[in-house]
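Asker: Each chain is listed here by its residues.
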Amino acid sequence: MSTDTQTPQRSFDGWKWGGRVFLTLLLIFTVMPMAWMLITSLKTGFAAMQYPPQWWPSEPTLSNYTRLLDPSNSVGQDFLRYFWNSLWVSTATTILAVIVAVPAAYAFSRFRFPGRTFLFFAVLLRNMFPAVIFLVPLFILMRLLGLVNTHGSLILTYLTFGLPLAIWLLKGFYDNIPIQLEQAARIDGATRFQAFLYIVMPLSTPGIIATSIYSFIGAWNEYIYAYTFLTRHDQMTLPVGIQRFFSENATDWPGLMAATFMMSVPVVVHFLVLQLYIVRALAEGSVKH
Amino acid sequence: MAQVVLKDVVKNYGSVYAVNHVSLTVNDGEFVALVGPSGCGKTTTLNLIAGLIPISDGTIVIGEREVTRLDPKDRDIAMVFQNYALYPNKTVFNNLAFPLQMRKQPRETIEEKVKAAAKVLDITHLLERKPRELSGGQQQRVALGRALVRDPAVFLMDEPLSNLDAKLRVQMRSEIKRFHHNLNATVVYVTHDQLEAVTMADKMAVMNGGFLQQYDTPAQVFANPVNTFVASFVGSPAMSLIPLQVVTHGTDVALQSAEGWELPLSPENARKALSAKGKDVVLGARHSTLKLHKAPHPGAVPGRVYTVEPTGDVTFAQVFIAEAVVNISVEPTVMLDPDEQVWIEFDQSRLHLFDGETTMALSAR
Numbered sequence: 000m001s002t003d004t005q006t007p008q009r010s011f012d013g014w015k016w017g018g019r020v021f022l023t024l025l026l027i028f029t030v031m032p033m034a035w036m037l038i039t040s041l042k043t044g045f046a047a048m049q050y051p052p053q054w055w056p057s058e059p060t061l062s063n064y065t066r067l068l069d070p071s072n073s074v075g076q077d078f079l080r081y082f083w084n085s086l087w088v089s090t091a092t093t094i095l096a097v098i099v100a101v102p103a104a105y106a107f108s109r110f111r112f113p114g115r116t117f118l119f120f121a122v123l124l125r126n127m128f129p130a131v132i133f134l135v136p137l138f139i140l141m142r143l144l145g146l147v148n149t150h151g152s153l154i155l156t157y158l159t160f161g162l163p164l165a166i167w168l169l170k171g172f173y174d175n176i177p178i179q180l181e182q183a184a185r186i187d188g189a190t191r192f193q194a195f196l197y198i199v200m201p202l203s204t205p206g207i208i209a210t211s212i213y214s215f216i217g218a219w220n221e222y223i224y225a226y227t228f229l230t231r232h233d234q235m236t237l238p239v240g241i242q243r244f245f246s247e248n249a250t251d252w253p254g255l256m257a258a259t260f261m262m263s264v265p266v267v268v269h270f271l272v273l274q275l276y277i278v279r280a281l282a283e284g285s286v287k288h
Numbered sequence: 000m001a002q003v004v005l006k007d008v009v010k011n012y013g014s015v016y017a018v019n020h021v022s023l024t025v026n027d028g029e030f031v032a033l034v035g036p037s038g039c040g041k042t043t044t045l046n047l048i049a050g051l052i053p054i055s056d057g058t059i060v061i062g063e064r065e066v067t068r069l070d071p072k073d074r075d076i077a078m079v080f081q082n083y084a085l086y087p088n089k090t091v092f093n094n095l096a097f098p099l100q101m102r103k104q105p106r107e108t109i110e111e112k113v114k115a116a117a118k119v120l121d122i123t124h125l126l127e128r129k130p131r132e133l134s135g136g137q138q139q140r141v142a143l144g145r146a147l148v149r150d151p152a153v154f155l156m157d158e159p160l161s162n163l164d165a166k167l168r169v170q171m172r173s174e175i176k177r178f179h180h181n182l183n184a185t186v187v188y189v190t191h192d193q194l195e196a197v198t199m200a201d202k203m204a205v206m207n208g209g210f211l212q213q214y215d216t217p218a219q220v221f222a223n224p225v226n227t228f229v230a231s232f233v234g235s236p237a238m239s240l241i242p243l244q245v246v247t248h249g250t251d252v253a254l255q256s257a258e259g260w261e262l263p264l265s266p267e268n269a270r271k272a273l274s275a276k277g278k279d280v281v282l283g284a285r286h287s288t289l290k291l292h293k294a295p296h297p298g299a300v301p302g303r304v305y306t307v308e309p310t311g312d313v314t315f316a317q318v319f320i321a322e323a324v325v326n327i328s329v330e331p332t333v334m335l336d337p338d339e340q341v342w343i344e345f346d347q348s349r350l351h352l353f354d355g356e357t358t359m360a361l362s363a364r
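Residue numbers (numbering that gives the first Met the number 0), protein chains in the order written: chain V, 0 to 288; chain C, 0 to 364.
Next comes chain C alone, as it looks inside the complex (with noise of 0.2 Å):
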């Protein structure tokens, strides 16, 4: 096992820039998970670590090795891909053989490393079929196998999951988890799926555009989150964020709606809303820090009910509030009408608040 280093990798076409200047550490033994929306670069990243495509600019260091330029084969990586790639006219067996083949091991070697892996992940039995014989969780395991079976320094994983149905896939997480854990594995695992990557990485990339917007452990993204990007990918429902206006009456620090009602924020929070550049700010919060008020509260601003979602233990309500959506989680005994006039009180030491130019999270320095 080893560790990754990214440093300033760059991948572009023409001027079109796929991967912009990425610069991140995977350290020896954990699980780092790309994450983002689709063309986000997160796929791209982990191509360029594969060495499956030419990097533009940059290097990228696999342990105590530089790998820039090295042919896949050479940089000591495994791979697990989206649609599992198990070569079709082998058999199971002869999938989880060939990255040793075409290392030349001896044959006894290989037979008893095949039958060792297949053991692991319980698909002895499937040795001598072909991969279309196999249901999907099977190749799922099967392409885990081939990964693992010769035990290289760092295992690449572009969306393991995805096509696999809703059960499985949350039983695949838990494996490839405890898969991690057992043989303190190094794991770069990219995914679309931002519960996949907090409940599973030690620490998570979040990317867009191209750029590494921030790379923390989930607990760490999850909680301050450095622009209102990561906040409104991270956490579902979405971290939900409500453009304002900052206004001040004397000492005191409000915000302000078009809708002409006043936010008075806390001292700590008007230190942070009056480091923004502009009168601009994004107040950020999670459904778990508001609270719903079916009559006028003082420090509730007014708000109007979009949608109501019961899920059983909880019921989540979409509410309009200065004509953002925000989300809500209340118990499933409040009852809510569509168009109800609702009162929304916030948590100031739980919300958040950004800049309404630059995107980024606002602090009380």
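The following block holds chain V by itself, in its conformation from the complex (with noise of 0.2 Å):
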């Protein structure tokens, strides 16, 4: 490091150059249609579909917002009941995980017992096919359920596909955490539980914290399983909601875009918290303390 900073510098490095200007263009291409996607949420109908197309508004308008916000007419109505139905469904999802996935990373991290190993690979099984292949199968074990056109069949299903990566992200966790401190605690006075509580559970929540917005945003995005699970529009999730903007006579593409753009702010505003998160879960096991 500090022999880096005392070398002088040098008059052109082509690979750091080259690097940037990748990334340059990386961003580029990640960032316009996000972009293009929130100027046209300031559009109105007429300026969306001119061509060649305003780069920037010629009258900036937030009436899109506006519309979709108030809960008056049938238009706000709908989207106010989709992103309710989202922030539940993706709310108990997330609580779900974290009440399942504490303690069995938990047991995973600290007790021996006979089928350990294989059960600690039962749960990666799941990722390891894509999620479509258990679409159908998932239907009719739901409709078995009597859970078809329920929000219970997402919870249920979106708690599965969060499981395994949750599980095996917190028990990184609960391995880096010396054992010796829990002996401490159960000399010092405390039960079992209460060690956990008390000193696991404290030392533990980056992790927590970024399983719990990893299943979040895995919910809230999911839209396939809801597509299929739900017919009603009063218990439809956003992602299929959304949807309806296109069917109606021609798409309203600002009123599309408005409404994408409102249902992206969770995942963004997560998503910023989760990466100092989980670069903190990641990095956790790599070094010695």
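Since the hints were made in silico from the structure, they are not lab data.
One or more hints might be untrue.
[As the list claims (entries may be wrong)] Just the calculated beta-carbon pair ranges, DEER-fashion: (1) A222(C) with R109(V): 42 to 50 Å; (2) I52(C) with H232(V): 53 to 61 Å; (3) F120(V) with R177(C): 50 to 58 Å; (4) R191(V) with A115(C): 27 to 35 Å; (5) Q219(C) with I98(V): 52 to 60 Å; (6) A106(V) with D56(C): 26 to 34 Å; (7) R109(V) with S55(C): 17 to 25 Å; (8) A115(C) with N126(V): 51 to 59 Å.
[What the hints assert, rightly or not] Calculated from the model, a selection of chain C residues having no Cβ within reach of chain V, i.e. all distances over 12 Å: (9) R128; (10) P263; (11) T288; (12) V304.
Glycine is no exception: its CB is placed at the ideal position from the N, C-alpha and C atoms.
Hints given; two lone chains; assemble the complex.
Answerer: Spelled out as structure tokens, the structure:
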């Protein structure tokens, strides 16, 4: 490190600049659609269809947003309902994922029991197949359970999708917490559960936050299962519900873009928080303390 | 404070015995060191006393109560861990307060006791810090503080000094000894360092392969090791052991090496040597009981210098005798060269004889 800063600046480092150019192009490629989404959402319906396109709307308007957030018209009612459904499904999934993943990861990390290795890899088995493979079997299963057209079907499904990584990630955290901390707590007068609650849990908070955000985003973005399991409008989640902007006579592009933008807000916010923790979560175990 | 009694304690994992029928009594106020090489079962024994791992067989009594199946929290013990195991998310104050909080003591009592403990250990100025902001020695003190804040029946210490640097280790060694003296506490102390055991403990329990080898005062263990393992483990440098054969010439008894020289034995040592099961005997001698001659000397056996280590006060020489390495201390003024031929004289009254088959010390019954 120190020698790096001391050497005089070289005139031109081809690799460094090549890398920067590449990253810049990549950034433009990923940011452009989002920028276009935002710009379009500020246009009127007429301006959105103009050719050549207006790069910046001549008359920016927030009417698309106010319409979506106004519960007094039917579009707003629908949007807010979808939003609420998505929020409920994602939150419930997240809470359940934490409730299941925390004890499961702790058990995998701390206890030796018959079939431990097998079970641990069985948990990961789900992630070895594309999600679509399970679509029909799960639909049949949900029908048998009478869960079709309920949010329960989605919560259960998303839970099974989010859990493997959540357990894997948290196990890494618990593996890194010295067992002596719990032993010390138990000698200091704590039960095994209290030792977990007061000592281990606070230390694994970054992992719990990372896994819960991961589950939340997964559930929030999911489309194909929501589309298959739910047919009633009042049950639909955002990714499915937003589709309705396409269907009526002409597509309301600015409305669609405004809805998409609002839908991506929680994901972006969560992800900004997540990336702080996920780096810590993934780096955990890479170095010896 | 209380006594600790282990009776026939066993911990096995299938056919592997980590602790094999260990029985010992730690009297009230005694400082006992469990000592042995790594994997000898000393830490497992400590964990069994603490209740951190389930016992396979036997009983453990602390004070008047049998605690064999009790939870660690119900055994009235405190433990200091090798890595200190301070709660990283809590301040020093809260680390010390945790055992009291868990026992639902009122806030004022907690504050009072924590401050008192902090004062004893001279860590009052650190109370608001987090463990990671402390030096190794300070962490060690906090760990001790967390143990003593509650006034437990027994203190258990698992290699508490092994993470410290050499200088600090010597300092903390005397502090822990003082701590034991002041509190008149019952302490069970695990260490792999026999020097720590010898210098600190009232009694030492030498373990190897899950078995308790010898349990006695350091002086006794040093003077009368029960077998070759204890002999070679305790003392620095270790006792030198030379495998030899017993030979008799009429009533005279001597030890013979493969090279052919013979070491005549005193009548008492002769009786010991003859009590061996076979002809194989192991001769043991501490460095300070040996005398080095540069020329042939009556009763001295030949050897060849291997290395010479001057330490200032005294010079340690390693000498090959009958293919065994023997440690000898000599005056620093004595000049020795590697591969030099020397003669070693044994002090008959201070040498040890062990049975070559059973490795047990031989006695002149």
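Asker: Now look at each hint and say whether the structure bears it out.
Answerer: Each hint tested on the structure:
no. : hint                             : in the structure
1   : A222(C) with R109(V): 42 to 50 Å : holds (46 Å)
2   : I52(C) with H232(V): 53 to 61 Å  : holds (59 Å)
3   : F120(V) with R177(C): 50 to 58 Å : holds (54 Å)
4   : R191(V) with A115(C): 27 to 35 Å : holds (30 Å)
5   : Q219(C) with I98(V): 52 to 60 Å  : holds (59 Å)
6   : A106(V) with D56(C): 26 to 34 Å  : holds (27 Å)
7   : R109(V) with S55(C): 17 to 25 Å  : holds (20 Å)
8   : A115(C) with N126(V): 51 to 59 Å : holds (55 Å)
9   : R128                             : holds (17 Å)
10  : P263                             : holds (56 Å)
11  : T288                             : holds (43 Å)
12  : V304                             : holds (43 Å)
Checked against the numbered hints above, the structure breaks none of them.
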